[in-house]
Amino acid sequence: MIRRRLAIPLALVSLLAGCGGGATDRHAAARPDLPAIAPGAVTETSRSLRIAGTDRSAQDVATAAAAAPDAAGVRSELAPLPRAAFRPPIARWRAGSRREAAAFAAAVARLRADVAAGAVAAARRDWLAADVRLARIGAAYGALGPLGVALAGRPGRLTGGVSSRRFTGMHAVERALWTARDRARLPVLTAGLVRDGARLRRRIAAMAVSPLDYTLRAHEILEDAQRDDLSGEAAPWSGAGLRVTAGAYAATRRVVGTLRPLLEGRGDALEPVESGLRSFGAELAAVRRAHGGALPSQRALGRRERERLDGRLGQLLEALAAIPPSLETRLPSAIPSLP
Amino acid sequence: MSLSRRRFLASAGLLGAGALAGEALPAQGEATAPSAPRSVSGRPARITFDGRHQAGILTAPGEAATIVALDAIAPGRAELIAGLRALSARARDLAHGGAMPEQEPDEPPADSGTLGPVIAPDGLTATIAFGASLFDHRYGLGARRPRRLTAMPAFPDDDLDPARTHGDVLLALSANRRDTVVHALRELLRPVRGAFALRWSLDGFLGGDRGPTPHSSRRNLFGFRDGTGNPHTGDAAAMDELLWVPRGGDEPAWAAGGTYQVVRAIRMHVEFWDRVGLREQEGMIGRRRDSGAPLGGRTEFQDPRLDLDPHGRRIPLDAHIRLANPRTPETASRRILRRGWNYDRGFDADGQLDQGLLFVAFNRDPRRQFEVIQHRLAGEPMTDYVTPVGGGYFFAPRGARGPGDWVGSPLFAT
Chain A
141 MIRRRLAIPL ALVSLLAGCG GGATDRHAAA RPDLPAIAPG AVTETSRSLR IAGTDRSAQD
201 VATAAAAAPD AAGVRSELAP LPRAAFRPPI ARWRAGSRRE AAAFAAAVAR LRADVAAGAV
261 AAARRDWLAA DVRLARIGAA YGALGPLGVA LAGRPGRLTG GVSSRRFTGM HAVERALWTA
321 RDRARLPVLT AGLVRDGARL RRRIAAMAVS PLDYTLRAHE ILEDAQRDDL SGEAAPWSGA
381 GLRVTAGAYA ATRRVVGTLR PLLEGRGDAL EPVESGLRSF GAELAAVRRA HGGALPSQRA
441 LGRRERERLD GRLGQLLEAL AAIPPSLETR LPSAIPSLP
Chain B
80 MSLSRRRFLA SAGLLGAGAL AGEALPAQGE ATAPSAPRSV SGRPARITFD GRHQAGILTA
140 PGEAATIVAL DAIAPGRAEL IAGLRALSAR ARDLAHGGAM PEQEPDEPPA DSGTLGPVIA
200 PDGLTATIAF GASLFDHRYG LGARRPRRLT AMPAFPDDDL DPARTHGDVL LALSANRRDT
260 VVHALRELLR PVRGAFALRW SLDGFLGGDR GPTPHSSRRN LFGFRDGTGN PHTGDAAAMD
320 ELLWVPRGGD EPAWAAGGTY QVVRAIRMHV EFWDRVGLRE QEGMIGRRRD SGAPLGGRTE
380 FQDPRLDLDP HGRRIPLDAH IRLANPRTPE TASRRILRRG WNYDRGFDAD GQLDQGLLFV
440 AFNRDPRRQF EVIQHRLAGE PMTDYVTPVG GGYFFAPRGA RGPGDWVGSP LFAT
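For the record, the sequence lines run as chains A and B. Adding 140 to a residue's 1-based position in the first sequence gives its number in our numbering. Adding 79 to a residue's 1-based position in the second sequence gives its number in our numbering.
Treat the hints as calculated values from the structure; they're not laboratory data. Just so you know, even glycine gets a beta-carbon here, dropped at the ideal spot from N, CA and C. Please note that a few of the clues may not be correct.
Not the full set, but computed from the structure, chain A residues with beta-carbon under 10 Å of chain B [to be verified]:
no., residue
1, R297
2, E447
3, P464
Generate coordinates for the entire structure from the input sequences, incorporating the hints supplied.
Laid out in structure tokens, this is it:
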């Protein structure tokens with residue numbers, strides 16, 4: 141969420157400066173409420189210098205050339221995409237995420253019931269199911285705003301850490317279930333999850349997702365999972381990190397699936413992504429097989445398993461990072477010089 | 080115990096109480112360093128430990144640093160005093176350098192010898208500071224706590240690890256070379272084992288001095304120059320305004336001449352950062368990566384003229400440099416003096432490099448200065464790529480007056 145805010149001032153730049161021209165900028169001007177895609181670097185020179193004997197800049201010529209497919213029918217990724225092209229993928233993503241949110245709401249309802257019945261083993265299973273559902277929604281990097289913090293905030297952001305009274309949500313429940321500390325708080329904590337879980341579907345239905353948000357999400361869901369989940373940081377008590385990472389993987393496949401029509405026949409970002417998805421997926425499947433059909437707690441992973449998972453995920457992330465720049469809706473504007 | 084060893088220890092201030100030095104003290108150790116040849120980095124080869132303010136605050140950061148938080152385990156006040164006295168005495172000797180004493184061969188050497196028989200000072204500074212927890216019930220210091228000293232709170236973007244946070248005493252070491260710092264820590268801990276226990280430590284290094292000018296700021300591990308916007312340490316009036324606790328204010332009298340030290344261990348997710356486009360990186364910082372110039376500018380120390388760019392046409396409104404220092408008259412008195420080092424702690428449980436920034440800031444009032452900046456930075460675009468994981472708030476008291484005096488002595492004066 142934070143990252144995509146970058147786009148807003150950039151969109152302002154192009155509107156205020158009135159620089160550039162051509163179809164892309166007209167489109168941005170027509171929809172000033174929608175931020176544009178984060179641009180790559182364009183030098184001032186390429187914008188302002190005119191090709192001798194013409195009134196066109198090097199950038200204009202390059203942009204025009206890029207929009208035409210080559211002999212093999214592949215378009216350069218430098219050709220900006222119309223923003224409307226992102227509407228169907230985002231709509232498909234939203235529908236899928238609402239289904240996951242509904243499954244989350246059902247899981248935390250079971251969790252509350254099992255907590256009330258004093259069934260700790262069942263409550264742990266419910267918790268794991270709920271945590272994976274949350275990851276499968278695919279709302280990376282604070283996209284859910286304060287609701288995301290309420291649901292899955294971590295104690296390290298609170299003065300007093302796990303002893304803070306403001307420590308609530310999934311991880312407070314996790315700690316109580318797996319360590320037996322503060323079990324008395326469980327009824328209140330799970331009731332809070334049920335309440336917030338009910339808000340989740342509405343939040344997903346209502347939240348604005350720009351093309352930039354969406355293309356960034358293609359790699360940020362798993363960036364998030366690598367940083368917080370596969371590292372074991374987010375769920376230290378349950379060891380759920382690998383299962384959550386698999387949930388984030390499923391969410392990423394869903395995002396990439398919706399973007400496939402845009403990526404096909406455009407640049408060369410898609411092939412490494414598909415092969416990276418296959419290879420990380422195969423690794424997850426191999427670990428699942430080796431551990432009796434279910435992903436184990438991270439503590440149960442062997443060194444080789446760890447190394448391969450980390451490596452395949454890293455390789456996949458490198459490939460996914462090529463998606464946002466290959467799906468730009470407009471070229472970047474020049475930065476005005478300091479006086 | 081042999082005579083030679085006794086003499087060595089006496090010179091280190093552990094046995095005899097040296098004469099208290101007079102009042103005519105330099106404002107800063109650096110200023111009177113005897114015939115100090117300059118090192119390549121511009122940091123003097125010898126930086127006097129004593130002075131009105133402690134060395135290592137205004138001093139340009141050395142190439143290598145180690146920051147160590149200690150917990151006081153001294154059984155009583157007298158042992159705590161002895162420990163602090165020993166820290167200062169040993170630090171003073173190491174900062175001065177000199178030949179190792181002769182000893183009888185059947186005794187463990189008085190120095191590890193890792194720097195050879197003659198210890199070169201190598202620009203070593205050792206800065207000692209106190210955490211809020213030192214002022215609890217254990218040593219009867221509660222009534223003397225500096226008024227603005229609290230435990231560091233957790234900020235919304237933090238993920239603090241209790242094992243890497245807070246501490247009773249902070250020891251910040253810096254020198255021109257890594258082995259000098261490593262040696263100093265080993266020697267400093269030797270006489271204080273019964274008084275202080277290691278709580279956490281973090282090693283830092285400066286990005287290399289690669290120009291283009293001797294003043295060019297060093298690079299952090301995101302590849303950007305860091306520290307460009309610092310206030311000038313040579314501006315005594317600014318330092319009085321921004322750093323030093325004045326005499327006669329609302330602080331306890333012993334705190335005058337000291338300053339508040341903020342330490343933050345900030346993990347930088349470098350793999351993720353490396354997957355971000357250059358334009359986006361530069362937009363998050365507000366500077367060009369190559370030159371360090373503000374966006375739209377040509378040279379590092381050029382004024383970004385934020386006043387002429389109210390809509391963020393040049394420098395996005397949420398760029399780090401704009402939030403950290405808006406350069407308005409209202410924010411001028413809220414600036415801090417930053418002293419940062421890069422760190423590299425190997426890698427984490429999922430094979431990601433554990434690298435980041437050992438951020439140190441000095442200011443007169445953390446609530447009014449550091450925290451105001453921190454709140455402005457909350458949620459900045461860069462937060463996705465960094466995670467503050469540790470650190471603490473400390474108070475670095477005034478410097479020692481000379482051999483026989485020690486950092487923190489006014490705190491215990493009755």
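Right, here's what the structure says about each hint:
1. R297: This interface hint holds because 5 Å falls under the 10 Å limit.
2. E447: At 7 Å from the nearest chain B Cβ, E447(A) passes the 10 Å test, so the hint holds.
3. P464: Status holds, d = 8 Å.
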